[in-house]
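Following the numbering used here, the numbering of the sequence shown begins with 1 at its first residue and continues without gaps.
Heads up, a few of these hints could be off.
Here are the simulated SDA-like cross-link-like pairs (lysine to any residue), alpha carbons at most 20 angstroms apart as the crow flies [claimed, not checked]:
no. : residue 1 : residue 2
1   : K132      : K113
2   : K134      : L76
3   : K113      : K146
4   : K42       : G17
5   : K134      : G147
6   : K53       : K42
7   : K9        : L31
These are calculated hints, taken from the structure and not from any lab test. Quick caveat: nothing in here was measured; it's all calculated off a predicted structure.
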Amino acid sequence: EVHETLANKIRPILKEGPTVVIGFCETATSLGYGVYESLDLKDSYYHHSTRHKIDHPIFLTFSESHSHATDHYLYLPENLTHQSILNNPANIIFVDDEYTTGNTLLNTIAAFKEKGIVSNFIATGILDWTDKSKHNLLPELVSLVKGNFIFSSNNYTPFSQHVSECNFSLVHEDLCTPYG
């Protein structure tokens with residue numbers, strides 16, 4: 001149901017034409033494939049990033065600066081049709097489990113633009129914690145839950161008490177029932 005819900009939110013903002021859906025490693029590779037399958041688009045394919053270097057041509061790299069392993073690799077697909085879609089997509093859909101700062105997303109888009117690829121960039125995921133002040137920099141971002149954190153400084157209390165405020169709103173409440 002999560003995959004279909006995200007796909008339904010994406011369909012109205014898609015442009016006509018070839019589409020690549022990219023799942024960010026590690027946690028969003030299966031989420032990304034589920035969204036790809038649910039979209040059921042003609043002239044499309046699914047791809048995912050990895051942190052593993054292999055003996056294969058790299059299409060592009062981007063950074064997840066806050067991660068334990070910062071470098072992501074997107075390898076050139078072997079399939080020539082997929083290469084064509086990747087080099088000239090009408091839409092690129094990025095899938096991650098959560099978006100926090102939005103920096104990884106901006107780094108990925110910058111890497112595509114450095115290759116001369118300008119597309120209808122769309123991001124989707126379960127959680128969107130991005131700062132509202134960055135929303136004008138980010139592509140269309142659809143999620144199931146949106147929220148924000150505000151931290152206050154207090155050197156004498158446990159970390160859990162540093163959080164002065166945590167707000168979130170359910171974008172799709174049906175998915176948040178206990179046990180399914």
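Status of each hint after checking the structure:
| no. | hint | in the structure |
| --- | --- | --- |
| 1 | K132 / K113 | 24 angstroms, violated |
| 2 | K134 / L76 | 30 angstroms, violated |
| 3 | K113 / K146 | 27 angstroms, violated |
| 4 | K42 / G17 | 8 angstroms, holds |
| 5 | K134 / G147 | 14 angstroms, holds |
| 6 | K53 / K42 | 31 angstroms, violated |
| 7 | K9 / L31 | 15 angstroms, holds |
Against the hints set out earlier in the document, violations occur for numbers 1, 2, 3 and 6.
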